[in-house]
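With chain A fixed as given, assemble chain B onto it according to the hints.
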Amino acid sequence: MSANAPALPADGSDMEANSPFVDRVVRVIDWFIPSWVHAERTELAVWRNFVFTHLAGPLMAQAISVFLYNTDKSHGFACWMMIGGIWIFWSLPFVLKYTQSLTLSAIASVQMLCAASLGGGYFYGGVASPFLPWILVAVLLGFFYLSDRPKFVALMLVANITAFALAALMFGFPEIVPLHKLTQVGWISVISGAIYVAWMAIFYSKIMSMRSTLQRETDNHRHTAERLQKAKETAERVSRAKSTFLARMSHELRTPLNAVIGYSEILLEDMPEKGDAQRRSDLQRINDAGKHLLSLVTEVLDITKIERNDSDVKAETFDVSAIIQQIKATCDSLAKVKKNELALDLEPNLGTMHNDAVKFRQILLNLLSNAAKFTSNGRIVISAVRRAGEGGEEIEVGVTDSGIGMTQEEISRLFKRFSQASADTEKRFGGSGLGLSICASFCTLMGGSIHVESNVGKGTRFSVVIPARLPAAPQQAVPVGATAALAS
Amino acid sequence: MTKLLLVEDNENNRDMLSRRLIRQGFEIAFAVDGPEAIAGAASENPDLILMDVALGAMSGWEATLAIKANPATANIPVIALTAHALASDRARSVEVGCIDYDTKPVDFPRLLGKIHAALANVKEAQS
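Protein chains in written order, with our numbering: chain A, 1 to 488; chain B, 1 to 127.
Read the hints as simulated data drawn from the structure, not as lab findings. This one's a predicted model, so the numbers in the text were calculated from it and none came from an experiment. There could be a bad hint or two in this list.
Below 25 Å or equal to it, Euclidean Cα-Cα: the simulated PhoX-like pairs (lysine-lysine) are [claimed, not checked]:
| id | chain 1 | residue 1 | chain 2 | residue 2 |
| --- | --- | --- | --- | --- |
| 1 | B | 114 | A | 328 |
| 2 | A | 328 | A | 458 |
| 3 | A | 291 | A | 328 |
| 4 | A | 291 | B | 114 |
| 5 | B | 68 | B | 123 |
Ranges of calculated distance between the beta carbons of each label pair, as one might list FRET restraints [to be verified]:
| id | chain 1 | residue 1 | chain 2 | residue 2 | range |
| --- | --- | --- | --- | --- | --- |
| 6 | A | 291 | B | 124 | 32 to 40 Å |
| 7 | B | 45 | A | 387 | 51 to 59 Å |
| 8 | A | 387 | B | 27 | 54 to 62 Å |
| 9 | A | 40 | B | 91 | 54 to 62 Å |
| 10 | B | 124 | A | 235 | 56 to 64 Å |
| 11 | A | 455 | B | 27 | 53 to 61 Å |
| 12 | B | 11 | A | 338 | 32 to 40 Å |
| 13 | A | 385 | B | 126 | 41 to 49 Å |
| 14 | A | 348 | B | 112 | 32 to 40 Å |
| 15 | A | 280 | B | 11 | 25 to 33 Å |
| 16 | A | 280 | B | 112 | 17 to 25 Å |
| 17 | A | 369 | B | 54 | 21 to 29 Å |
We treat Cβ as the ideally placed atom computed from N, Cα and C, and that holds for glycine.
Here chain A stands alone, though its shape is the one from the complex:
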């Protein structure tokens, strides 16, 4: 037993280092312990210790059984009471297993140990009995396993000792075996008692160090959690401040931009038809740049609105085919800039839709302006079909171009904020990189999704699937760039 003493894992984490023999012992011990105890390290160690001491203890005490049987030739009640008492300790691991209560099992154990120690003392040797030191083990076990109810333990011990004293006073000690014949059992009893107490003391110190380690870990975790919470609050405050700042800035920027655009238009209008071609082109550039800047500023405003979650969805009923034709008319001139053909491929019975028309229009305008930007001397087709989807009817609108296309890697970056397919896209084609992430957020708000397929050099197809009727549940705006359904 002493050979095993330091090896029995008081700490679950020691287990891996144990020999196969100890592993087997631990497996046997764990058979008695309900699985819910395994979640708590110190608790598990206490339960394991209980099972181990109640399996090994009675085994060690068999020496006493054998000795008593040989010494007490009368083989009377006292002899069998002691032998039976030792054997019955083996039932306690089973009591633990089936009651799943360490408290109950420990009470039984302490009471049985008191009875064995005091009973043994009464019949064999009285106050000088070699069995009496075990009452100290009972005290130790009682206060250890039942540390949450010390008064109860004290009462139990007092009651037992009182019973012992009363019996001695009223009937005296029977002295079945002369005291000098108990010398051998005295050695066994005292040595095994010492081993037992030593074991418990070592175990107790292990548990204490485990608890203080746990305490330190808990403290560390709490500090980390507090720091994280603070960092999160700061980040949210900064993010809110940033959104507010962006919204205000982009609003403030619009007014002077209006002047740049408006006055350059006035100057263009003032120019005689056959005027200075160079000056006309210069003015046109100022005007174009102003309009471009304005669209960037507007996108920033849109994105901050989505971030602050105040981009609400207004459902109205509209004719799908009519709105697509309007959008096409708006984009005809845009498509011609790079000599593209803009065509429609609409299913005849598209019917009406009850969803956010403004967002629907903006999604399509964004996709078309993208297609027009990345395609030249090509063809852009707007297609639309109505079909049954998971949550009712849905409209799928596709924008297919024969433009430069994208690689898989470029596609994966597409819907991220301020990110374009590739770093040199911005240099070559301009834009803020916000358009597609706005599209993705709007699609989510409308209960739909956006998909993209692309082949480098052959072209790109964006498709938007929107429920024909806005789903009843409010759609949470997905943080821009976080997700977008990417089917390719």
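Just chain B now, kept in the frame of chain A:
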């Protein structure tokens, strides 16, 4: 000559828009805030009002409500000019009695079309 009341607090925008409208043959009266707009609607008797929504203390919506509440000016068509094409702005425009709305920055040919349509609408209603 058709007279327009231009309600706009930004000097640049006022100057720009008025010059382009004058060139189109309109006569222009100005107002720079809500109270001036209400007073101007009564004293100038314009054929149409272009109302900037974001004005200062009194918003363009409130001014429009006041103009529509006065029987002398109630029949003057008002076109709201808003900074964003928000559905809520459009709804509010209709709610306070505007005949139409347009977004800023102004797409001049489009705004011109809306002005002519609104005027034709009123003329039709009168005849």
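So, going through the hints one by one against the coordinates:
no.: 1; hint: 114(B) / 328(A); result: 21 Å, holds
no.: 2; hint: 328(A) / 458(A); result: 22 Å, holds
no.: 3; hint: 291(A) / 328(A); result: 20 Å, holds
no.: 4; hint: 291(A) / 114(B); result: 21 Å, holds
no.: 5; hint: 68(B) / 123(B); result: 18 Å, holds
no.: 6; hint: 291(A) / 124(B): 32 to 40 Å; result: 35 Å, holds
no.: 7; hint: 45(B) / 387(A): 51 to 59 Å; result: 57 Å, holds
no.: 8; hint: 387(A) / 27(B): 54 to 62 Å; result: 56 Å, holds
no.: 9; hint: 40(A) / 91(B): 54 to 62 Å; result: 60 Å, holds
no.: 10; hint: 124(B) / 235(A): 56 to 64 Å; result: 59 Å, holds
no.: 11; hint: 455(A) / 27(B): 53 to 61 Å; result: 59 Å, holds
no.: 12; hint: 11(B) / 338(A): 32 to 40 Å; result: 39 Å, holds
no.: 13; hint: 385(A) / 126(B): 41 to 49 Å; result: 47 Å, holds
no.: 14; hint: 348(A) / 112(B): 32 to 40 Å; result: 36 Å, holds
no.: 15; hint: 280(A) / 11(B): 25 to 33 Å; result: 27 Å, holds
no.: 16; hint: 280(A) / 112(B): 17 to 25 Å; result: 22 Å, holds
no.: 17; hint: 369(A) / 54(B): 21 to 29 Å; result: 27 Å, holds
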